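Participant: Residues per chain, in single letters:
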Amino acid sequence: MSTLLNATEQKKPNLWRRARHSFAVARHEPANLMGLVLAIFFAYLILAPVLSILVDSFIVQSGDEVRTHQDEGSFTLYYIVRTLFSRISEILLWQPLYNTLAIAAGTVMFSMSIGVVLAWLVNRTNMAGRAWFATALIVPFMLPTWTFALAWTTIFKNRTVGGQPGWLESLGITTSNSVAYGYFPIVFILVLHYTPLVILIVGNALRRLDTQMEDSARVLGAPSRVITFSIVLPLIRPALMSAVLLIFADCIGEFAVPYILGLPVRYDTLATGLYRALDTRQNGVAAVIAGVIMIIGVMTLLIDVRMMKEARRFVTVGGKGNMDRLRKLGRMRIPASGFAGAFVLIGVVLPLLTLFLSTIMILPGRFTLENFTFDYWIGSNLDTVALRNGILLTPEFWQAAWNTIVIVGSSSIISGVLGLLVGYAVLRCSFKSVSSFLRQITFLPYLVPGIAFAAAFLSLFAVARGPIPALYGTPLILIIALVAEKMPFASRSGIAAMTQLGKEPEEAARIAGANWLSRMGKIIIPIQAGPLATGILLPFISGIKGVSLFIILAIPSTDVLTTYSLRLLDYNYDQAANAVVLMIALIAWLGTVLIQKISGTGLAQGLEN
Amino acid sequence: MPTITLTNLTKCYDGNTEPSVDQVSLTVEDGEFMCLLGPSGCGKTTILRMIAGIEHSTSGEIAVDDLVVDSVHQSCFIPPEKRRIGLVFQNYALWPHMTVERNVDFGLRLQKVPAQERKERCVDVMSKLRILEYADRYPSQLSGGQQQRVALARMLAVNPGVLLLDEPLSNLDATLRLEMRAELRRLHQTFGTTIIFVSHDQWEAMTLANTIAVMNKGQLQQIGTPDEIYAEPSNRFVAEFIGNPKINLIKLKESNDELMNLASHILARLPESKFADVCAIRPEEIILTDTANANTLPMNIENIMPTGGSWVIELSLDEDRLFHSTQSRPKWREGEQINAYLPTHSLHFFDHDEKRLVLSETHLDYSHLLLSSALPNPKKANPKNTNQPFVKQA
Chain A
118 MSTLLNATEQ
128 KKPNLWRRAR
138 HSFAVARHEP
148 ANLMGLVLAI
158 FFAYLILAPV
168 LSILVDSFIV
178 QSGDEVRTHQ
188 DEGSFTLYYI
198 VRTLFSRISE
208 ILLWQPLYNT
218 LAIAAGTVMF
228 SMSIGVVLAW
238 LVNRTNMAGR
248 AWFATALIVP
258 FMLPTWTFAL
268 AWTTIFKNRT
278 VGGQPGWLES
288 LGITTSNSVA
298 YGYFPIVFIL
308 VLHYTPLVIL
318 IVGNALRRLD
328 TQMEDSARVL
338 GAPSRVITFS
348 IVLPLIRPAL
358 MSAVLLIFAD
368 CIGEFAVPYI
378 LGLPVRYDTL
388 ATGLYRALDT
398 RQNGVAAVIA
408 GVIMIIGVMT
418 LLIDVRMMKE
428 ARRFVTVGGK
438 GNMDRLRKLG
448 RMRIPASGFA
458 GAFVLIGVVL
468 PLLTLFLSTI
478 MILPGRFTLE
488 NFTFDYWIGS
498 NLDTVALRNG
508 ILLTPEFWQA
518 AWNTIVIVGS
528 SSIISGVLGL
538 LVGYAVLRCS
548 FKSVSSFLRQ
558 ITFLPYLVPG
568 IAFAAAFLSL
578 FAVARGPIPA
588 LYGTPLILII
598 ALVAEKMPFA
608 SRSGIAAMTQ
618 LGKEPEEAAR
628 IAGANWLSRM
638 GKIIIPIQAG
648 PLATGILLPF
658 ISGIKGVSLF
668 IILAIPSTDV
678 LTTYSLRLLD
688 YNYDQAANAV
698 VLMIALIAWL
708 GTVLIQKISG
718 TGLAQGLEN
Chain R
21 MPTITLTNLT
31 KCYDGNTEPS
41 VDQVSLTVED
51 GEFMCLLGPS
61 GCGKTTILRM
71 IAGIEHSTSG
81 EIAVDDLVVD
91 SVHQSCFIPP
101 EKRRIGLVFQ
111 NYALWPHMTV
121 ERNVDFGLRL
131 QKVPAQERKE
141 RCVDVMSKLR
151 ILEYADRYPS
161 QLSGGQQQRV
171 ALARMLAVNP
181 GVLLLDEPLS
191 NLDATLRLEM
201 RAELRRLHQT
211 FGTTIIFVSH
221 DQWEAMTLAN
231 TIAVMNKGQL
241 QQIGTPDEIY
251 AEPSNRFVAE
261 FIGNPKINLI
271 KLKESNDELM
281 NLASHILARL
291 PESKFADVCA
301 IRPEEIILTD
311 TANANTLPMN
321 IENIMPTGGS
331 WVIELSLDED
341 RLFHSTQSRP
351 KWREGEQINA
361 YLPTHSLHFF
371 DHDEKRLVLS
381 ETHLDYSHLL
391 LSSALPNPKK
401 ANPKNTNQPF
411 VKQA
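Protein chains in written order, with the numbering used here: chain A, 118 to 726; chain R, 21 to 414.
Keep in mind that the hints were calculated from the coordinates and are not lab data. Everything numeric in this text was worked out from a predicted model, so none of it was measured. Idealized CB from N, CA, C, for every residue including glycine. Be a bit skeptical, because a hint or two may be false.
[To be verified] Quick list of in silico lysine-lysine cross-link-like pairs, BS3-like style, CA-CA up to 25 Å:
no., chain 1, residue 1, chain 2, residue 2
1, R, Lys132, R, Lys102
2, A, Lys639, R, Lys102
3, R, Lys273, R, Lys375
4, R, Lys237, R, Lys271
5, R, Lys139, A, Lys639
6, A, Lys639, R, Lys132
7, A, Lys620, R, Lys102
[Claimed, not checked] Derived Cβ-Cβ restraints for the label pairs, each shown as a range:
no., chain 1, residue 1, chain 2, residue 2, range
8, R, Ser160, A, Leu350, 34 to 44 Å
9, R, Ser190, A, Arg423, 55 to 65 Å
10, A, Ser347, R, Glu374, 33 to 43 Å
11, R, Lys139, A, Leu164, 27 to 37 Å
12, R, Thr309, A, Arg335, 51 to 61 Å
13, A, Pro340, R, Gly35, 45 to 55 Å
Please model the complete structure; the sequences and the hints are all you need to start from.
Facilitator: In structure tokens form, the structure reads like this:
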């Protein structure tokens, strides 16, 4: 029989006792130690480079003593003044800034208008071949942006630049500079690349939208124009805004496309300007440009956070509305499919076909049978200065491929595992401050476009500091830079996966008597195997496609496929370069298919069998 | 088998000024089947999690037998994996990547029990819980009731001294609830384990537990057998929380002449300086008659609601609304005037602080006096009370 004990007034335990008790509790929670270690690790890996490059813009860099009349390492405003206010600031910063913003704005505008229409057609109409388009329209997003850039130059290249002529040129049609290079092709290509993103985001919102809301308006007698503008569009506005900001932020950091298509006509963006500054050893100026890029990134994110807060006010609760009711297009059914088909043709078929044809043609643009050869893939003893074998028989290609697998692969595995550990530490750590610091620090690289981040890494790790030796030129700097760059996605998916899992499976294991190691090994990691695999493959794909980190941090001995193909391009081995690019696209596409297999039906079956 | 003692147990979550569990002291004896009952958010699950060791206390002490497992004063905390206490989660928390059998023998593997014995114990507990045939299935292939039995088997396999259950019946449908209720009673008898479970559902508590601890806002309200809790609620919260339909509460006020007359003699037996604020009676204790006499109150029938085999009748007494429940078909119609007899031994009184007032001679039935009209005039018998001082003046 239970008894209610006399509630003897106990003295409230003093602070010392409570602290000792908290310690006794925390001792049994390894997440605390783990959180602390991870926080210090990422502070060094992410915060330190960013701070280092910001500091670099205010101190005299090596070699600039004479210009600044100051000693190396002393405080100076020289770089700020030079980049922002001097006579060459127009070339260094303002024109590239204007170009960057113009590209981002143009890309956002066109990809949104095309993407929203396509998203609506695919999700809400009876367009012909709807299911097929749902997949085909997404493909351009899986291909690296510079695949399109290379395809573009293959066709439109003119005499402004030396080397092999473009197809149109060899067919006798002279393309003007404004078509071949600069603003127009850059925006055109970025629109092709980012429209699928709009289709994905807006399409998701459209699918989740409860049709009962539209039905209610229809019952009240609203015509479809009113329904579209006063019900549907306002409800999917958060999705539209997040698509806009995502594309905008990505365009600011885009390096490869302006590098290929802008350089011939000296059309600079901030990213290429930063690269040029680093290449010409103007580290201080590069630091200022990187700072400007970061500021734009932070502003974009702040707007995003604000928008999301507003959006939460009208979160729509998904109902069981009938999602299969599709708008009848009538006579417009075939033209609608034609529009989507044109997008697939321009965005997928033409670029890939062009690239492929270019790798099997000796002279560009000459469509005669004797001009076709597979020598650039599998030939040997070609009469070229270097690269005398086809790409698949060249050791450098396989070396680069191997480097790519090792560098990108190991960094993906590390960031995937770290992401899961961050998720674990963030949710389990007893100290709120540590877990929120961890959450924010791992998200920081998102604000810093790859090229600026690479510059930041260079600034911190190029020379030996304390116990850390100079890492420049080693694969290690690439690996840790990639890990740091992918942490926003890795930690986000880790936190999401751990949140979804909840604490209970692990608590049940504790009750059953499992210590921390067996809880991790037998409960957490096996359950999270699917998310972990996705968390490793996703960074792997984007790492393979990525250019900006490698172009700054890689040296010939740490060549990866991307830098290898860009160097081949520089030496005018266009066919070989395009072949390498096709191989990259192939790997990226296979990886995406693999992810869909794992995260889709594959995982559910895996758990059941 | 262990005894669990909580002493002034308090839990304050970070950022909350109000404690979630406030100075709770109670003892759960060996072999007891106890329910922590209270509305959601009253701290009952927190207590359960603190006993298991998944949460830690802010002050106070938890002891299993003589071993202190969590105490701020002694700066000691034994983690859940070393407490040998079983906990079945509300959502079962089965491991989705393991078969039923692997789920059940997980704890035994950790204890390095030899394979042969492990197999035997698994089969034993699974057959006792009638899940042996599902041994090779995954949790996602089981129904809710089967999943719950797996969660139970998982904990029983390691034979813990104490079994904690979080809302054991709440996720089940009506038939399964009955079945599982019987199962749990049977388990308690066969294993003899001390069981503490948490519930917000009085039906669950009443039918399962042999001791109920009612909680509200982090504080313990009353501990007792289901009968005690129902018949002698220690305060207004307990009276209102237990019972369906809810207990009838009538605010005592001087304008309410008839009721005051009726209750006055009983109120006279209140301890000195205590004032009754509210009078309460269970719905089934009200007796409806056609004939009026000095001891009945005239009421209106507002509404008759059949609930399948029994009826709930809504009555009105001035502005007060009362509910009467009965097993026999009512012979009146809605809108009719009726006389209600409130047996005095069924009346509860609560003071301004909502505490139940204990009369000087409890269970003394004056009703025969009332009915025979031989009641001595309370005003004469107790001249002090002419002004009805037992009702607190507004």
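Participant: Each hint: holds or not?
Facilitator: Against the structure, the hints come out as follows:
no.	hint	in the structure
1	R:Lys132 to R:Lys102	holds (15 Å)
2	A:Lys639 to R:Lys102	holds (18 Å)
3	R:Lys273 to R:Lys375	holds (18 Å)
4	R:Lys237 to R:Lys271	holds (24 Å)
5	R:Lys139 to A:Lys639	holds (19 Å)
6	A:Lys639 to R:Lys132	holds (15 Å)
7	A:Lys620 to R:Lys102	holds (18 Å)
8	R:Ser160 to A:Leu350: 34 to 44 Å	holds (39 Å)
9	R:Ser190 to A:Arg423: 55 to 65 Å	violated (41 Å)
10	A:Ser347 to R:Glu374: 33 to 43 Å	violated (53 Å)
11	R:Lys139 to A:Leu164: 27 to 37 Å	violated (54 Å)
12	R:Thr309 to A:Arg335: 51 to 61 Å	holds (59 Å)
13	A:Pro340 to R:Gly35: 45 to 55 Å	holds (51 Å)
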